[in-house]
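What follows is each chain in one-letter form.
Number of protein chains: 4
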Amino acid sequence: MTPSMPSPEATGDRPLRADARRNRERILAAAEAVFAEKGATASTDEVAARAGVAIGTVFKHFPTKQALLQAIMKGLLARLTRELEALAADGAPAEGLFAFIARMVEQAAQKRTVVGLLAEAGVGLQLGDSVQMLREGIGNLLLRAQDAGVVREDVRLDEVVALLVGVCQGALHAGWDPDLQRRTLAIVFDGLRTSEARASATGC
Amino acid sequence: MTPSMPSPEATGDRPLRADARRNRERILAAAEAVFAEKGATASTDEVAARAGVAIGTVFKHFPTKQALLQAIMKGLLARLTRELEALAADGAPAEGLFAFIARMVEQAAQKRTVVGLLAEAGVGLQLGDSVQMLREGIGNLLLRAQDAGVVREDVRLDEVVALLVGVCQGALHAGWDPDLQRRTLAIVFDGLRTSEARASATGC
Amino acid sequence: MTPSMPSPEATGDRPLRADARRNRERILAAAEAVFAEKGATASTDEVAARAGVAIGTVFKHFPTKQALLQAIMKGLLARLTRELEALAADGAPAEGLFAFIARMVEQAAQKRTVVGLLAEAGVGLQLGDSVQMLREGIGNLLLRAQDAGVVREDVRLDEVVALLVGVCQGALHAGWDPDLQRRTLAIVFDGLRTSEARASATGC
Amino acid sequence: MTPSMPSPEATGDRPLRADARRNRERILAAAEAVFAEKGATASTDEVAARAGVAIGTVFKHFPTKQALLQAIMKGLLARLTRELEALAADGAPAEGLFAFIARMVEQAAQKRTVVGLLAEAGVGLQLGDSVQMLREGIGNLLLRAQDAGVVREDVRLDEVVALLVGVCQGALHAGWDPDLQRRTLAIVFDGLRTSEARASATGC
DNA sequence: TATGAATGAGAGTTCATTCAT
DNA sequence: TATGAATGAACTCTCATTCAT
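Which chain is which? The protein sequence lines are A, B, C and D, in order.
In this text, residue positions in the first sequence follow full-length UniProt numbering: the first is 1, and each later residue adds one.
In this text, residue positions in the second sequence follow full-length UniProt numbering: the first is 1, and each later residue adds one.
In this text, residue positions in the third sequence follow full-length UniProt numbering: the first is 1, and each later residue adds one.
In this text, residue positions in the fourth sequence follow full-length UniProt numbering: the first is 1, and each later residue adds one.
Rather than coming from a laboratory, the hints here were simulated on the basis of the structure.
Treat each hint with caution, since some may be false.
As the list claims (entries may be wrong) - No more than 25 Å apart at the CA atoms, straight line, and that leaves these computed lysine-lysine pairs for BS3-like:
#1 C:Lys38 <-> D:Lys38
#2 D:Lys65 <-> A:Lys60
#3 D:Lys74 <-> D:Lys60
#4 A:Lys65 <-> B:Lys38
#5 B:Lys60 <-> C:Lys60
#6 C:Lys74 <-> C:Lys60
#7 C:Lys65 <-> D:Lys38
#8 A:Lys74 <-> A:Lys60
#9 A:Lys65 <-> C:Lys65
#10 C:Lys38 <-> C:Lys74
#11 C:Lys38 <-> D:Lys111
Let the hints inform the model, and build the full structure from the sequences given.
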């Protein structure tokens, strides 16, 4: 991450006026909140009301509802990718994959976010390479964990992503208290571990 | 089970005329198909068309769309519970839990059914004790597997259900080819297994 | 026109309930009036209000605004075709073409009808063979007039239709009092006439 | 015509700054092009984009869309009036009227201009005396043609204008290839001609 | 009881117009 | 003065639900 790169939020094509960018951010935040609470079928009107702007303003920034959903998703995926890169940069490499998965599940449990929208809005969203970048980051963590002997060699990225999506989805449903979350993830993590890592992990 | 007892689907309060019951079944079947294909946002008009009845008939039997969704869910859960009881009655008790989970995932992958509706229709559905009965059945399989030394003793029913919901959800997403399904479940099952069972399973 | 043929208005695919057909007619009449007054950009809401039905009813009968416009146009064209056939069936064949043109202009002047909608709604309308049938009827009148020596032999159907459309369009504009109408048509008709017919017509 | 007099398009109340007038011209040109292509329902945003100015600038010069349409119309009428005066000033007086009508039809067929806007925008436009001036020019040509014995004495200006509007309207519709245009106008012109002129014209 | 036409609130989207920058 | 973001009423269309037939 070079210091000269622009703020990651500024992914727009060209500079917006200050007030326009402020509104754009407010709309995105409002949309994230509204869709998190009520799902992707919540009305655009409600997003506008929550953002404190007129409905036309929402459609000026995001010409269709789909575009708004995509923008939210891209933002979330980018944020996750950055968290993931931070995890990779830090030490504790072996358990980094587990930490990241736990973090995502925790977030998903708080709001109907990434996976919730992915599931509800369906395949319609064109997320470009935002997803790809996240996959790559996860792939890095997986390799590192495998190199450290923590995760079995025969585990592939596809399964890890599938499990990630699954447990995040599951976490959306009622009744996932933090303890259940922890216990469920413990099972999945154990399934990923090598015998040796499992022995020491269980020992702890 | 006497032949005179009503079919388990007929959970209505009082007996219906023969044609009315026939319509009810057709509507349920049509609704299951339509919602499986297009998700819970498909229109009731389409359900009526597929069932070959008028829209008024649908609302006569199920006074709201929610009620229709609930009825589908109850039916599906009841069917699953019966499958599960059949599994429990048969032999192969130790691996019965895994077989059942695999079966559910397979079905979920084929259609947007149980879990899909649960996710889409949201928390609004009042499913009464249909869910409870299914939980109990799964609990039986779990106990049996634990008694046989296949599943770890510290695993609780809650985690199993959570994992079940999660992998079913995940299976709805694109790209879960049968092989990925198998590999993903293998990890989860490994996480559930005791060290001994794991050793022999891996040995196979 | 055989006596056994159904009422010409009943062009629907299958029989509608009495009340539904009544509403359909009311909507068509309202739409004709509203679009005649305000042009094709008048709102569907206004049509519904004028017809005394809810907006959903309009869209139940005509699933898009375009479909409603097309239905109006087809109705008008059919009505004109019938008038034209009546003219052809009656005597006075030589001047039948002129009588028909005059009739259309007169109607167009009263309301923004046929040609007005054709012009405003533009090329988007799929009018099927309604237009073709009208053209054929006009072609018959033209042939008859040419056989009678009233219209020049070198005049083709295309020009006649072009002139018809033009004068109807012109008649939509303000200031076409009946006298101006008559005088304008006199010029066009003279242009169509043979020298002989012209001499006698002028003589009258 | 002294070089210091303002261009005829600059009918504004008071002198504008050079850049302002330049913008005004660009907006008018853009509006003419856009409305010609897409009809009067095209959006003012599109006009601004084509003109390369901001939407606010358009509304600064023309406070409503109606005002913009009126300005376009006035410009077009003025241009036509000038063409017409040029025709009158040149020789070939007898056939000047026909030449002018043919020219207008040709233009109308190329773009949805004068008459198109008149028809679409409806009666709302206040065109002041721009129309009157055009009428007078046409009246001059008519007189001249009548003096030359080419057009019948009993033809009045009203009919000529009515026919002009009509054939221009007609020309907007699909299928008016140049040949059809010529043939249709030939009929109208013959209707206007005296017997003598007709004989010689037909002879050619 | 079944029918299916009617209802009407609400959705996404557009666009003439205003006004802070 | 020019900019262009914001406004919000209006539009087309959908669909769960009601009720006359």
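Structure-based check of all given hints:
1. Between Lys38 of chain C and Lys38 of chain D, the direct Cα distance comes to roughly 20 Å. Compliance with the 25 Å bound is thereby established for this hinted pair.
2. Using a Cα cut-off of 25 Å, the hinted pair Lys65 of chain D and Lys60 of chain A holds, with the two alpha carbons roughly 21 Å apart.
3. Taken as a hint, the Lys74 of chain D and Lys60 of chain D pair is honoured in the structure, with Cα atoms around 19 Å apart against an allowance of 25 Å.
4. With a CA separation close to 19 Å, the supplied pair Lys65 of chain A and Lys38 of chain B stays within the 25 Å bound.
5. A C-alpha spacing of about 22 Å is found between Lys60 of chain B and Lys60 of chain C, which places the hinted pair at or below 25 Å, so the restraint holds.
6. For the hint pairing Lys74 of chain C with Lys60 of chain C, the CA-to-CA distance comes to about 19 Å; that is within 25 Å, so the pair holds.
7. Our distance criterion of 25 Å between C-alpha atoms is met by Lys65 of chain C and Lys38 of chain D, whose separation comes to about 19 Å.
8. As the CA atoms of Lys74 of chain A and Lys60 of chain A are separated by approximately 19 Å, the hinted pair is consistent with the 25 Å bound.
9. Distance restraint check for Lys65 of chain A and Lys65 of chain C: the Cα-Cα separation of roughly 24 Å lies within the 25 Å cut-off, and the hinted pair is therefore satisfied.
10. Restraint check: the Cα-Cα separation between Lys38 of chain C and Lys74 of chain C comes to about 19 Å, which is no more than 25 Å; the hinted pair holds.
11. With a C-alpha separation of about 24 Å, the suggested pair Lys38 of chain C and Lys111 of chain D falls inside the 25 Å cut-off, and the hint holds.
Checked against the numbered hints given earlier, the structure satisfies every one of them.
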